[in-house]
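Visitor: Listed below, chain by chain, are the residues.
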Amino acid sequence: MRKLVLEKLLRRPLTEPAPQPDAAMLAELAASLDRAARARLGRSLSIREVDAGSCNGCELEIHALGNAFYDLERLGLRFVASPRHADVLMVTGPVTRNMREALTRTYNATPDPKWVVAIGDCAVDGGLFAASYAVVGGVGAVVPVDLHIRGCPPPPAEILKGLIALMTAAR
Amino acid sequence: MAPLDLIPVRERAEAHRPWARALVDNEGWGAAIDRLESGDLTLVGLWGDAGAVHLAVLDAAEEIAVLTYHCVHGSYPSVGARHPPALRLERAIHDLFGLKAAGAPDTRPWLDLGFWDVAHPLGHAIPAPPHAPYAFLPAEGEALHQIPVGPVHAGIIEPGHFRFSANGETVVRLEQRLGYVHKGIEALMHGATLVQGAKLAGRTSGDSTVAYAYAFARAAEAALQVDIPPRAIYLRAVMAELERIANHLGDFGAICNDASFSLMHAQCFILRELTLRASQACFGHRLMMDCIVPGGVATDLAPDGPKHLRALLGEIRRRFPELVEVYDNTASLQDRTVSTGILKPELARQFGAGGYVGRASGRGVDARRNPGYPPYDSLQLDVPVLSEGDVNARVWIRIREIEQSLGLIDQILADLPGGPIKVEVAGAGAVREGAALVEAFRGDIFLWLRAGADGKIARCHLRDPSWFQWPLLEAAIEGNIVADFPLCNKSFNCSYSGHDL
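Top to bottom, those sequences are chains A and B. Just so you know, we're using the working numbering here: the first sequence kicks off at 1 and counts up by one. Just so you know, we're using the working numbering here: the second sequence kicks off at 172 and counts up by one.
No wet-lab data here; the hints were simulated from the structure. Heads up, a few of these hints could be off.
Unchecked claim - Below, simulated SDA-like cross-link-like pairs (lysine to any residue); rule was C-alpha separation at most 25 Å, straight line: (1) K370(B) - A141(A); (2) K478(B) - F69(A); (3) K370(B) - G151(A); (4) K478(B) - V497(B); (5) K114(A) - I327(B).
Working from the sequences, and respecting the hints, build out all of it.
Guide: Shown next, in the form of structure tokens:
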């Protein structure tokens with residue numbers, strides 16, 4: 001026991017440093033996402049974003065995916081104006097009671113096959129707002145979720161990584 | 172002369188800081204409404220409490236006062252009946268507390284859209300009764316048609332409903348319906364520690380997370396009479412100005428984008444991203460969430476922070492003027508923004524509109540100056556004001572404010588005090604109340620807090636600047652074409668989450 005504790009104290013932690021959004025990693029992420037998207041969807045992945053109760057923090061970082069540094073559209077991924085054009089619903093927020101019906105109707109308006117990506121800590125289980133009379137809970141409490149991307153809010157590079165994971169898993 | 176000198180009050184509340192709070196009866200309440208109606212006072216906030224309502228007002232000398240009216244029979248004389256800026260606040264008070272505004276012309280629900288299990292969750296909560304269909308205000312005429320938009324919009328934006336009545340292309344009436352992202356923040360605040368409260372405040376409106384945490388911390392420190400270290404005072408301002416720059420850059424680009432000028436959008440979003448990355452490098456979070464806490468700041472400026480900030484300021488100063496020149500010299504863009512969505516100065520004054528909405532329509536009020544708070548009282552800051560009130564004026568106010576914010580960060584970096592960044596904040600052993608007015612990028616946030624003897628939150632009210640801007644968007648769009656709505660809306664950029672709470 002003591003030996004184990006001593007070893008743990010002397011060894012460096014196994015935990016890897018959190019990734020920084022540096023250029024090399026971004027390029028790698030982008031290439032990986034590009035391959036996965038082409039293989040699975042042939043450059044046709046359309047995303048409809050739904051704010052189901054977020055504080056707008058996640059929206060700011062989702063917006064940033066479109067800037068020149070992340071440039072989501074070069075990968076064939078794009079945000080569309082209607083759920084009827086979408087393959088993926090990207091949902092943020094604790095789902096408020098006032099948005100539950102709108103989220104359900106948006107989900108039902110999205111054609112199959114479809115995936116739901118829940119963005120942010122609140123979208124997992126309601127986060128800080130879980131105990132409120134006005135909140136249903138996480139996105140999974142209302143529509144089936146394929147992937148959670150955690151963070152408050154998750155930085156754009158994390159969202160990119162999540163989309164890669166989605167497309168490699170969705171084969 | 173302070174506002175309370177002109178209003179008959181019954182007694183003044185103990186331990187309410189930094190401004191006075193007084194209990195009033197019908198006479199005092201009526202006198203305050205008279206002065207709001209005449210324009211001598213500006214409405215700062217109107218919110219519910221257990222069996223009472225509070226009214227915060229600002230006078231011409233930039234003094235704030237809070238008036239409290241006890242609702243003996245569950246009602247109070249309506250402020251909105253004579254001063255329309257209070258109407259939505261009264262509807263929200265009824266939804267949350269069940270307190271009625273007697274004589275109010277509009278008693279429709281506002282935040283309660285009929286989906287909660289309880290009615291009046293912050294007052295005497297009862298099981299929710301079946302809800303009646305919502306009646307939009309009529310717009311009648313042979314050629315009129317309605318366009319319902321939202322709550323789920325076409326872009327990556329927050330949810331809300333807009334009901335347009337249009338005659339061909341021309342908007343005759345816009346009516347907003349909000350409340351979709353109501354999360355019950357004020358109920359969650361009840362009984363929370365100051366640490367939890369600061370986190371909730373910082374998630375009231377994500378784009379203003381710094382400003383909300385700033386307002387919450389200042390209200391808590393006022394209530395509990397805490398002086399924070401000088402270094403924390405200045406670091407808070409660095410964060411607030413970085414947040415302002417990032418948001419104004421985003422808005423500048425997005426407004427141009429809504430006029431189909433995407434080049435500006437792309438360029439502005441590069442500068443915005445650089446600002447977020449500098450924030451990450453300096454304070455460890457791109458939006459600087461949870462960096463301001465009661466007692467000071469949670470994260471000190473990174474050792475190489477000044478280097479990152481100077482590089483950022485240099486980059487913006489190199490690239491931003493070119494963008495401003497493109498904006499100013501592109502006729503197709505000017506054609507969309509000049510004389511579009513005009514907000515009359517009279518309405519901006521009546522509603523006490525803050526931020527670029529007020530300052531583009533002649534209301535030169537900025538909470539950093541009026542009533543002001545440190546460190547801004549020791550920094551050079553010019554408040555830009557225009558009177559045209561169109562989309563173009565709201566763009567120009569943002570441009571000028573970016574320049575001011577760059578200058579503020581310069582001044583702070585040149586003389587940043589050392590020392591500790593935080594002091595402990597604990598309960599005072601008795602009930603204490605505090606308030607703060609902090610300038611977020613879109614205007615003044617008013618925050619009111621009652622701390623119990625144990626230091627936990629007994630009541631916290633957060634009033635977003637959007638409460639006094641959303642109704643003005645309805646006025647500004649009238650007579651414009653439907654296709655100019657996104658442009659007008661973005662030039663206001665009101666918060667949904669901050670408003671819905």
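Visitor: Against each hint, give a clear statement of whether it holds in the structure.
Guide: Status of the hints after comparison with the structure:
1. The hinted pair formed by K370(B) and A141(A) meets the criterion: a straight-line CA distance of about 24 Å does not exceed 25 Å.
2. Taking the CA atoms of K478(B) and F69(A), the gap is near 22 Å; set against the 25 Å cutoff, the hint holds.
3. For the hint linking K370(B) to G151(A), the alpha-carbon distance of about 14 Å falls within 25 Å, and the restraint holds.
4. Restraint check: the Cα-Cα separation between K478(B) and V497(B) comes to about 29 Å, which exceeds 25 Å; the hinted pair is violated.
5. Taking the CA atoms of K114(A) and I327(B), the gap is near 19 Å; set against the 25 Å cutoff, the hint holds.
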